[in-house]
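These protein sequences, in sequence, are chains A and B.
The working numbering numbers the first residue of the first sequence as 272 and each following residue consecutively.
The working numbering numbers the first residue of the second sequence as 309 and each following residue consecutively.
Read the hints as simulated data drawn from the structure, not as lab findings.
Cβ coordinates follow ideal geometry from the N, Cα and C atoms, glycine included.
Just so you know, not all the hints are guaranteed correct.
Restricting the straight-line Cα-Cα distance to at most 25 Å, the calculated cross-link-like pairs of lysine-lysine (PhoX-like) are [said to hold, decoys possible]:
| hint | chain 1 | residue 1 | chain 2 | residue 2 |
| --- | --- | --- | --- | --- |
| 1 | A | Lys388 | B | Lys418 |
| 2 | B | Lys343 | A | Lys388 |
| 3 | B | Lys348 | A | Lys332 |
| 4 | A | Lys397 | B | Lys407 |
| 5 | A | Lys388 | B | Lys348 |
| 6 | B | Lys403 | B | Lys415 |
| 7 | B | Lys407 | A | Lys388 |
| 8 | B | Lys403 | A | Lys397 |
| 9 | B | Lys403 | A | Lys388 |
Estimated spans, in silico, between C-beta atoms of each pair [unchecked claim]:
| hint | chain 1 | residue 1 | chain 2 | residue 2 | range |
| --- | --- | --- | --- | --- | --- |
| 10 | B | Leu344 | A | Val311 | 24 to 30 Å |
| 11 | B | Ile327 | A | Phe401 | 33 to 39 Å |
| 12 | B | Thr427 | A | Gly338 | 46 to 52 Å |
| 13 | A | Phe401 | B | Ala439 | 15 to 21 Å |
| 14 | B | Thr320 | A | Ala305 | 22 to 28 Å |
| 15 | B | Ala385 | A | Phe401 | 25 to 31 Å |
| 16 | B | Val419 | A | Ala278 | 52 to 58 Å |
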Amino acid sequence: MNLRKFASMIGFLLAVTPAFAYNPIEELIINLRAIGFQLVLLWLLTLAVVYGILSHLELPKSITARGVISIVAAFMVLLAAAGTQAANFISNLTTSSVLVAFGLIIAMIFLEITGTKVSGEHIFAKHPRFFGAAILILAILIFIGAGGLTLLNIPIFVLSDPLIAIIFFLLIMVASIWIMVKESDKK
Amino acid sequence: MVGITTGMAFLTGLGLPEILLWVLAFAVVFGILTKLSIFKGRAPAALISIAVGFLVLLAVPAALITVIASMSTGMLAVGIGFLVLLALIEISNTKSIIKLRTPEGEKTEKVHPFQNHGTVMAILLIAITGAIFYLSGGWALIGFGALPAIGAGTWLLVIVGAAVLWMLSEAK
Numbered sequence: 272m273n274l275r276k277f278a279s280m281i282g283f284l285l286a287v288t289p290a291f292a293y294n295p296i297e298e299l300i301i302n303l304r305a306i307g308f309q310l311v312l313l314w315l316l317t318l319a320v321v322y323g324i325l326s327h328l329e330l331p332k333s334i335t336a337r338g339v340i341s342i343v344a345a346f347m348v349l350l351a352a353a354g355t356q357a358a359n360f361i362s363n364l365t366t367s368s369v370l371v372a373f374g375l376i377i378a379m380i381f382l383e384i385t386g387t388k389v390s391g392e393h394i395f396a397k398h399p400r401f402f403g404a405a406i407l408i409l410a411i412l413i414f415i416g417a418g419g420l421t422l423l424n425i426p427i428f429v430l431s432d433p434l435i436a437i438i439f440f441l442l443i444m445v446a447s448i449w450i451m452v453k454e455s456d457k458k
Numbered sequence: 309m310v311g312i313t314t315g316m317a318f319l320t321g322l323g324l325p326e327i328l329l330w331v332l333a334f335a336v337v338f339g340i341l342t343k344l345s346i347f348k349g350r351a352p353a354a355l356i357s358i359a360v361g362f363l364v365l366l367a368v369p370a371a372l373i374t375v376i377a378s379m380s381t382g383m384l385a386v387g388i389g390f391l392v393l394l395a396l397i398e399i400s401n402t403k404s405i406i407k408l409r410t411p412e413g414e415k416t417e418k419v420h421p422f423q424n425h426g427t428v429m430a431i432l433l434i435a436i437t438g439a440i441f442y443l444s445g446g447w448a449l450i451g452f453g454a455l456p457a458i459g460a461g462t463w464l465l466v467i468v469g470a471a472v473l474w475m476l477s478e479a480k
């Protein structure tokens with residue numbers, strides 16, 4: 272009986288799979304993108320952020336005033352000349368951030384599996400400055416990668432081979448001079 | 309096996325990966341916002357998480373799903389590898405001996421090898437995670453096509469520079 276049920280379930284799945292070959296969710300995403308749903312999300316995001324910050328600060332005592340300020344701010348962002356560009360930038364930024372956060376979660380899982388501790392403390396807690404700086408650099412890279420410089424009208428520079436060589440050469444020069452100055456100071 | 313494969317194909321056809329991506333983005337953002345307690349109450353955090361979930365879905369869902377699936381597979385493979393390693397260490401009862409300074413004098417204690425070499429292990433694990441991230445295509449997806457190609461001339465400069473620095477530090 273169970274085997275018959277299993278066989279009929281497989282048969283149903285086999286029969287029905289071609290009917291769903293077009294992927295309704297993917298179709299929905301394409302349609303949402305076409306009608307400009309990103310702008311609605313940008314409006315919603317601005318509203319939530321502004322309202323959340325105002326509520327946290329309890330800046331205008333009146334809740335209605337907070338709501339009105341948030342709605343106006345959200346519409347202002349939407350009506351700005353770079354509204355669509357900002358929506359795309361936020362979309363890219365959030366995607367990258369979620370991906371990096373997922374990577375960090377994986378690192379944490381590995382550290383927890385192996386029970387790695389430095390002097391009984393977690394490595395991130397042991398070296399907060401180092402990891403803080405690393406995450407800051409990562410955030411800046413994500414910002415640049417998502418097109419933040421274009422949005423702020425800052426010209427993009429490409430790290431070419433000669434440029435890396437010059438930067439490295441300058442670093443070596445600075446390090447050498449620093450060592451020599453340190454040496455002469457001691458004498 | 310065929311049944312499961314067909315079922316998975318059916319669910320993929322229905323758009324399950326996109327739903328999972330939305331849920332993952334929502335969970336990560338909501339978790340972080342709740343942990344940081346930036347906003348009063350959970351409503352703004354939930355609203356931001358929902359918006360971010362949809363923004364992620366509207367960006368590059370297919371590429372992101374591939375990268376996250378690849379990273380999850382990498383995590384599973386490495387995780388199983390570490391579990392096997394831990395099991396072998398436990399079976400063989402391998403321990404590191406460390407010296408502890410107590411008011412009564414020096415004492416020796418047997419600890420897990422990973423605890424004795426915590427920093428090295430942590431660096432290794434973070435490097436493995438970075439490699440999984442890069443090889444899964446995460447680096448390219450966050451807006452960086454590839455690491456800048458470094459030519460032979462630059463490498464030569466790096467070696468010369470390192471030699472100069474080494475000599476200077478030796479002279480000290």
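Structure-based check of all given hints:
1. A/Lys388 x B/Lys418: Holds, at roughly 15 Å.
2. B/Lys343 x A/Lys388: 22 Å, holds
3. B/Lys348 x A/Lys332: At roughly 14 Å apart (the allowed maximum being 25 Å), A/Lys332 and B/Lys348 satisfy the hint.
4. A/Lys397 x B/Lys407: 21 Å, holds
5. A/Lys388 x B/Lys348: Outside the cut-off at roughly 34 Å; violated.
6. B/Lys403 x B/Lys415: Between B/Lys403 and B/Lys415 the Cα gap is close to 15 Å, so the pair holds against 25 Å.
7. B/Lys407 x A/Lys388: Holds - the C-alpha atoms of A/Lys388 and B/Lys407 are around 17 Å apart, at most 25 Å.
8. B/Lys403 x A/Lys397: 23 Å, holds
9. B/Lys403 x A/Lys388: Between B/Lys403 and A/Lys388 the Cα gap is close to 15 Å, so the pair holds against 25 Å.
10. B/Leu344 x A/Val311: 24 to 30 Å: Once the Cβ atoms are compared, 26 Å apart, the range 24 to 30 Å for A/Val311 and B/Leu344 holds.
11. B/Ile327 x A/Phe401: 33 to 39 Å: 38 Å, holds
12. B/Thr427 x A/Gly338: 46 to 52 Å: Since the Cβ atoms of B/Thr427 and A/Gly338 sit about 51 Å apart, the hinted range of 46 to 52 Å holds.
13. A/Phe401 x B/Ala439: 15 to 21 Å: 20 Å, holds
14. B/Thr320 x A/Ala305: 22 to 28 Å: 23 Å, holds
15. B/Ala385 x A/Phe401: 25 to 31 Å: 28 Å, holds
16. B/Val419 x A/Ala278: 52 to 58 Å: Because 56 Å falls inside the window, the suggested range holds.
Hint check: a violation occurs at hint 5 only; the rest are consistent with the structure.
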